[in-house]
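2 protein chains.
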Amino acid sequence: MANKPLLYIVKLGGGLMDQPDALEAFLSLFATLRQQQHSTHPIYTLLVHGGGKLATELASQLGIDQQLREGRRITDAETLKVVTMVYAGYVNKTIVASLQAKGCNALGVCGVDGNLITAQKRPASPIDYGFVGDPTSINTTLLNSLFKQAITPVIAPITHNKLGQLLNTNADTIAQTLAVALSSHYSVELIYTFEKNGVLSDTNNPESVISSIDRTTYQTLKEKQIIHSGMLPKLDNAFAALEAGVTTVRIGKAEALLSLVKGQAGTTLTHA
Amino acid sequence: MANKPLLYIVKLGGGLMDQPDALEAFLSLFATLRQQQHSTHPIYTLLVHGGGKLATELASQLGIDQQLREGRRITDAETLKVVTMVYAGYVNKTIVASLQAKGCNALGVCGVDGNLITAQKRPASPIDYGFVGDPTSINTTLLNSLFKQAITPVIAPITHNKLGQLLNTNADTIAQTLAVALSSHYSVELIYTFEKNGVLSDTNNPESVISSIDRTTYQTLKEKQIIHSGMLPKLDNAFAALEAGVTTVRIGKAEALLSLVKGQAGTTLTHA
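Read top to bottom, the protein sequences are chains A and B. The first sequence lines up with residues 1 to 272 when you count with the numbering used here. The second sequence lines up with residues 273 to 544 when you count with the numbering used here.
Calculated directly from the structure, the hints in this document are not laboratory data. What you are looking at is a predicted structure, and each value in this text was computed from that prediction instead of being measured. Possibly wrong hints are sitting among the right ones.
[What the hints assert, rightly or not] Rough simulated footprint, nothing fancy, chain B against chain A, three-plus residues with beta-carbon under 8 Å:
no.: 1; region: 121–130
no.: 2; region: 160–170
[Said to hold, decoys possible] Mimicking SDA-like on lysine to any residue, the simulated pairs with C-alpha atoms at most 20 Å apart in a straight line are:
no.: 3; chain 1: B; residue 1: Lys420; chain 2: A; residue 2: Thr141
no.: 4; chain 1: B; residue 1: Lys325; chain 2: A; residue 2: Glu78
no.: 5; chain 1: B; residue 1: Lys420; chain 2: A; residue 2: Leu29
no.: 6; chain 1: B; residue 1: Lys374; chain 2: A; residue 2: Ala150
no.: 7; chain 1: B; residue 1: Lys434; chain 2: A; residue 2: Leu29
no.: 8; chain 1: A; residue 1: Lys102; chain 2: B; residue 2: Gln392
no.: 9; chain 1: A; residue 1: Lys148; chain 2: B; residue 2: Thr413
no.: 10; chain 1: B; residue 1: Lys374; chain 2: A; residue 2: Lys148
no.: 11; chain 1: A; residue 1: Lys148; chain 2: B; residue 2: Ala422
no.: 12; chain 1: B; residue 1: Lys434; chain 2: A; residue 2: Ser137
[Unchecked claim] Computed list of chain B residues with no C-beta within reach of chain A, every gap over 10 Å:
no.: 13; residue: Gln333
no.: 14; residue: Asn364
no.: 15; residue: Ala369
no.: 16; residue: Gly380
no.: 17; residue: Ala396
no.: 18; residue: Ile423
Heads up, the beta-carbon is just placed ideally off N, CA and C, and yes, glycines get one too.
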């Protein structure tokens, strides 16, 4: 474990996309991540992003009805076109241009590029989410080659089924799947950023961050319904990632990225 | 020269973007290009595309006024957003998904990715084209690394100034600049596809293809005004590419790609 190179996989929460200044501030922090540790070993970084409200706004401007079911977007053909434009086009290239200006050699791709992430279209029953896919494989060879060139992949949450069909895919799931796939070669720190300071014990108190949660305390927090519904899939995924070999999972505010990676802010999820 | 590996750089004409069936047919041909020659040497391929009318249509749907001056789009901030979405997002990923389904390991990027193509914003005088850039450098190291992995880069015509600004760039110019930059390591065949069968001696007769043009005959054709204004910059660029080390330049119909690369269709431009 100690001999594996360190890889930070950061999921950028959608909320920051609508705040150009906050996004810039986050990217400045992210660009310095590779210099964070006093180490002779290289540190690798990878960023996964969504598109937040921008896709919804564009769809609305184009008169495309947006349907959400259980918090997930129904992706019809027109919506797929919109999310491909916004996620893989505008948002991805805007982030990459900013990172390039900050000295971080970023390269933006989505799951179709170099066959990076294949996915299976979600079955139409019980709910037909449309062109939505769940990841089935990761091309780690391509990512290894990019890391060796000191390139930071910036990944938009669009995948494909290898038969020519693009698929909209949950960005949290992509981050988790990448983290697990890369954990055999890297010590992976998976960092989910979102609008809150971390997992809160009191949703009305933004300072009530639970600094550390393990499997046992997670069960207790769920039973006491301290952890609410929106957070459950995120934490379920996080613990699944830990089980599958990811070294650390942290959850917190994008603006606190550097404290977050050191475990000085946000919530750290641990084994046992 | 003979020892350099063969690289086909194909510029896909914008017109095909609006015709899904024709685009599919072209991509099927393009995907087989690497198997075209009886050779033990690998053949590399690279595709450059624009976005044609799709960007104009989206801008129109969004109520963004499009201004053209001397055939070139004025790229204001809103238009830049649109072309980034359409070129680097929708068109790029649609092409890559299709090529992946056809067994061609394509990877879609634009000039900002991996610092692939830097550009300088065009001076605002005499005409202010807005966020339009002319290429200043190519990261051939990144392209070499992709070729070695048997990856076919698919390149959208968006570049950057290394200071965080995306720039809209002419796709023909990108194809030419890539061809010249890569000609020191590859025997580059640069193929411009467009809606016509080739350079025509009679614009009213689609069959009047001039099969071969050299510098001398080009001068004559210009003086006799047989080659019309829209074709001049294309051919000027093509001859400049030949002067700068590109092995062959061919111009013809996308649908005839395989005949085109063999010199059995379209127009071949030659030295001397």
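(request) Check the non-interface label on B:Ala369: least C-beta distance to chain A beyond 10 Å or not. (result) 5 Å, violated
(message) Next pair to validate is B:Lys374 with A:Lys148; report whether the Cα-Cα distance is within 20 Å.
(response) 29 Å, violated
(message) With the threshold set at 20 Å, check whether the alpha-carbon distance from B:Lys374 to A:Ala150 stays at or below it.
(response) 31 Å, violated
(message) Please check whether the region 121–130 of chain A has three or more residues whose CB lies within less than 8 Å of a CB on chain B.
(response) Check failed, 0 qualifying residues.
(message) Against the 20 Å threshold, does the CA-CA distance of B:Lys434 and A:Ser137 hold or violate the hint?
(response) 33 Å, violated
(message) So if I understand the rule, the pair passes when the alpha-carbon distance is 20 Å or less; does B:Lys420 with A:Thr141 pass?
(response) Given that 20 Å is the threshold and the Cα spacing comes to 12 Å, the pair holds.
(request) Would you check the hint for B:Lys434 and A:Leu29, treating anything up to 20 Å between C-alpha atoms as holding? (result) Measuring from Cα to Cα gives roughly 18 Å; hence the hint holds.
(request) Can you take a look at whether the region 160–170 of chain A is actually covered by chain B? Rule is 3+ residues, C-beta closer than 8 Å. (result) Held - the region 160–170 of chain A has 6 residues with a Cβ nearer than 8 Å to chain B, which meets the minimum of three.
(request) Given the hint that A:Lys102 pairs with B:Gln392, test it: the Cα-Cα distance must not exceed 20 Å. (result) This hinted pair holds, its Cα atoms lying about 18 Å apart.
(message) If I take the minimum Cβ distance from B:Ile423 to any residue of chain A, is it greater than 10 Å?
(response) 6 Å, violated
(request) Evaluate the condition: distance from the CB of B:Ala396 to the nearest CB of chain A exceeds 10 Å. (result) It holds; B:Ala396 is separated from chain A by about 21 Å at its closest Cβ, greater than 10 Å.
(message) If we take the beta carbon of B:Asn364, is the closest beta carbon in chain A still more than 10 Å away?
(response) Check fails; 7 Å does not lie beyond 10 Å.
Violation of the numbered hints given earlier is confined to hints 1, 5, 6, 10, 12, 13, 14, 15, 16 and 18; the remaining hints are satisfied by the structure.
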